[in-house]
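Colleague: Read off the chains here:
Protein chains: 2
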Amino acid sequence: MCDEDRLKLKAQINQQSDIVRKLKAAKGSKDKVTKISIPNAISVKDLTMLDNLLANISYIGGYEPSYADKAMYDVLRGVGWPSSMSHLTRWYQHIKSFSPVELEAFPTGVPTCNNLPPQVVGLLSTNNHGIDIGCKITEEVSHLLNLKAQLGTVEDGSGPHKLILKTPKGTRDYGPSQMAIRADVFNKIISVFKRHGAETIDTPIFELKEVLTGKYGEDSKLIYDLADQGGEILSLRYDLTVPFARYLAMNKISNIKRYHMAKVYRRDNPAMMRGRYREFYQCDFDIAGQYDPMIPDVECVRVVSEILTSLQLGDFLIKVNHRQLLDGLFEACGVPPDKFRTICSSVDKLDKSPWEEVHNEMVNEKGLSPAVADCIGKYVRLSGKTELVEQLLQDEMLVGQCKSARDGLEALRLFLKYCTLYGLQDQVSFDLSLARGLDYYTGVIYEAVLLSDTKTEHGESSGVGSIAGGGRYDNLVGMFDPKHKNVPCVGVSIGVERVFSVLEARLASNKTKVRTTEVEVFVASAQKNLLEDRMKLCKELWDSNIKAEHSYKRNPKLLAQLQYCEEMGIPLAAILGESELARGIVKLRHVVTRHEIEVQRENVAQAVRDLLTKASGNS
Amino acid sequence: MCDEDRLKLKAQINQQSDIVRKLKAAKGSKDKVTKISIPNAISVKDLTMLDNLLANISYIGGYEPSYADKAMYDVLRGVGWPSSMSHLTRWYQHIKSFSPVELEAFPTGVPTCNNLPPQVVGLLSTNNHGIDIGCKITEEVSHLLNLKAQLGTVEDGSGPHKLILKTPKGTRDYGPSQMAIRADVFNKIISVFKRHGAETIDTPIFELKEVLTGKYGEDSKLIYDLADQGGEILSLRYDLTVPFARYLAMNKISNIKRYHMAKVYRRDNPAMMRGRYREFYQCDFDIAGQYDPMIPDVECVRVVSEILTSLQLGDFLIKVNHRQLLDGLFEACGVPPDKFRTICSSVDKLDKSPWEEVHNEMVNEKGLSPAVADCIGKYVRLSGKTELVEQLLQDEMLVGQCKSARDGLEALRLFLKYCTLYGLQDQVSFDLSLARGLDYYTGVIYEAVLLSDTKTEHGESSGVGSIAGGGRYDNLVGMFDPKHKNVPCVGVSIGVERVFSVLEARLASNKTKVRTTEVEVFVASAQKNLLEDRMKLCKELWDSNIKAEHSYKRNPKLLAQLQYCEEMGIPLAAILGESELARGIVKLRHVVTRHEIEVQRENVAQAVRDLLTKASGNS
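Heads up: the protein sequence lines correspond to chains V and G, in order.
For what it's worth, my numbering labels the leading residue of the first sequence as -6, then goes sequentially.
For what it's worth, my numbering labels the leading residue of the second sequence as -6, then goes sequentially.
For the record, the hints were derived by calculation from the structure and aren't laboratory data.
Incorrect hints may have been included.
Identical copies go unnamed one by one, so any copy, or any two together, can satisfy a pair.
Stated by the list, open to error - Cut-off 25 Å, straight-line C-alpha distance, at most; resulting in silico cross-link-like pairs (DSS-like, lysine-lysine):
hint, residue 1, residue 2
1, Lys532, Lys187
2, Lys410, Lys546
3, Lys546, Lys478
4, Lys202, Lys214
5, Lys256, Lys202
6, Lys245, Lys478
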């Protein structure tokens, strides 16, 4: 940058400072919103600049909507541009989709404005018709800061562009301690699946869009699509069940017992404080095959019970019901068949809403007569064990003319009998209010709930909610088979994200530190110039399959090394010292007790192994 | 379908059969390409039908391009439609992007035509100007088949639409045995990482597009973008290194030793026969932090060596070089600095191409003078151990005026010394031809190659190629930090997909069957009506943490149960029989030897445990 340019820039800065001062004064004198009117002048160059900018970022100010978007939207209203400026068009349509109230709620903060390229700030400050003085100040301050940054950065040679560092909306990184908790949960769950002889499969993270089409009803709008870059139309998987059904049909597999733990994607409004993300894990166990009634169905419940017990989440209850019974009940009460599914979703709300509200919805929103709703209400508030099944089987009104209700009840009778054989009688409850949202269930349905309340990481109550759920879906695979050949399936999904929330909350409230490595011994040096000795000892330990670390510094301080061992929960330290090495020995230190023993240099690996075995025997 | 409609359809079929017959006759009489000219008539209804069709599938014929696309493209040339028909526009632009030669190469087969909706076939057969008779026959045959299918499917009540079942291009499902191999490889690799005290992290599968922008040079075109559905602009991750650098900068982490095993995405031309997919695993180990020279660098090599040894892939060699040495060498030979990177990628080809070809490329394509290329050639064909480093340090031409070359060589001297301390002297070779493609390396670079050739699953030679690679990249994190603060990093990536190919090929050639479950005992019944006894015994076994299964059939045949045990490699079968149960005993059968012992019913779990312990002690 030549001196002349610098002087010019400094003059611009002075001028800009004046504008900011004057605006601040104006704001001080009258605090109400004032419009500043400036003539409209948008060149093709400006539009091209905006299109290029928006090729890489979602909003004018970066990755979040801001006041700058609203301001620029106002500038561009009524302005046309060629359709080849697709990024600008995308952005314009997106901003246009917000309501005026939403637009007003865009943040006005300086941090966002700070990130605006100077040309954008220039365009806004010379063109905007509708900026109140407060925001005008923000913009002009940002303009000033940008000019200063330009002067500074041109001088130090780095670019003025700041990258906003974040993960996409609704997603997060998992750090080492979160991963350690997850690995522990996964291992516990997988060991239950393996105890039941399950295999595992994996499918691609994306599917042909048509595979997902028509499977999720209204929720289809939450599916993430991939961009059309030529070739196939793809979407990220929304759950693991539909890819599983596609896998069975495509590979003509007629029986398998499989588990699948993997991430799925939903463009939902994230509620991250409550542990709801757009990218999250699902953990499914399903048994596919033509088998005798209720035998695989009850094993799924046994698997849920073993998992919840193994994870030590506290008391739980597994509610069960049957889709055929629900349909029969609706039929017996006089619900028109085309309303079965919608009334089913009303019933499904009974775990969160009182009967009166659900009754209202049925009558006022879904058009049932009050008598029909009352009839449903008489039944769906019932829950119990086998004796309730027997009682309902005697209920002439319910089972007299309705095969479906009788079939459902008889299936449940068998199911509950098998539950007892599997030792589940105390954990399972027949609950007529359980309905489950998904359309594809055809038989038994279940849902496990935790009975004890737990606080989340953020101190909110995690509520007493569903932790696992599933059921029988005999017709899904047939939707993929060219000859509509069905493979009956029953399965369950463990709400692992909820499990993580509960465990993280518990660890946080206990202030328990999670170990993120499994290092057994740290090789430390007491003096300088022992790097090579440390490296030799590490080699021996690794050769002996002992988990060992040493400092990557040439001459680390002994205190720093020992502190590291304490922080990381490493049980042992092997301390190398000049005089000890001269005597052919090494000190082994128990990090917690600080107790030290001396061992022969050539026996360190064996001595470490012995100490670790002894310690694990004691614990 | 009423009789009248059926008769009409049958008449249509007869007529269509005539067309096919005549066309076949025409083809027989003159075998050269003949144009059939039919008047153009495209209605808005037709266009709407096409737009709807293309909303869900990528090509007219389904998920792969076919002759039908070319034919329809010819039909639609010069026809306009409203921009709201975005799917049709997408498809048209995509087909337009193919060269005439590529269009001609589209498959003409009947299978694709078979899947065409009848309206499309109708549109093609009444409108197409440029179909030769051969293809015309194909189309008309498909029309005929469609009419027949219509008659058939309307009769059996199912829809005429066939769903093509496939995974997206370049992806695949992993079945249980593939997953078992992967789990075994992952466990072996992870146990090495853990032996070195590494933590693990995970990042979202997609990133803000800008995070990936400008990191991969020309390969950026291979990045998968997500569709713009309002909100942020996202892309699937292309590797694990850039998300790692973003993670460090975002969380202001200045040191970590982490591994990350996860899938990455590249829109490359898949070569699935050679194990190259668009969705594949990467497995990275990196050490970030400001440490003393070469200490973390050499540990990465030690990790690679332990992993390759543990996976028993045969002999391997780890080549090392240094970016500073390469730059110094280029400088000393007189390469202009702006050509360093491009000459670097020429050198990188030396593992596959002879020196003469690389020399040619440098001179003829990249404009080096032959003398400069010769000078490079003199060096890059050298490889050796420490003595080569010492020899080059005496080479006045190389190190006389060039600090960079001397620094690189001295770094390598230290590196090789540390390698010896870690017992790696025989596995590591200093190789001046190693260059590595990625721009971001700043120091030592390495690459492990398998020395023994292995056939892939499909009988192709897997070649003697790279199985791991990495190096130091000190400036990548700074690209994300607002203040450009760098975190020096060094790391290595294990080519796990190649490992899987090699292992799968080996298993296939040994005809080894992989166990996909870990079931220890199968609970069988010798007669009918023992389901409840099987269930009770399973419960006891599961309660005792024994992996157990039984048949989901009420009354399975004993032979079928025992065959299942043999197929699945289950070591033990507990056989329940009426007379045995009456005597209070159960037979335990060793599946392979068919040896049976009798144990008390109440002691089955303990007896199974004892037999398994004994068996594992023997093996």
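Colleague: Which of the listed hints are not met by the structure?
Modeller: Nothing - there is no hint that the structure violates, so all of them hold.
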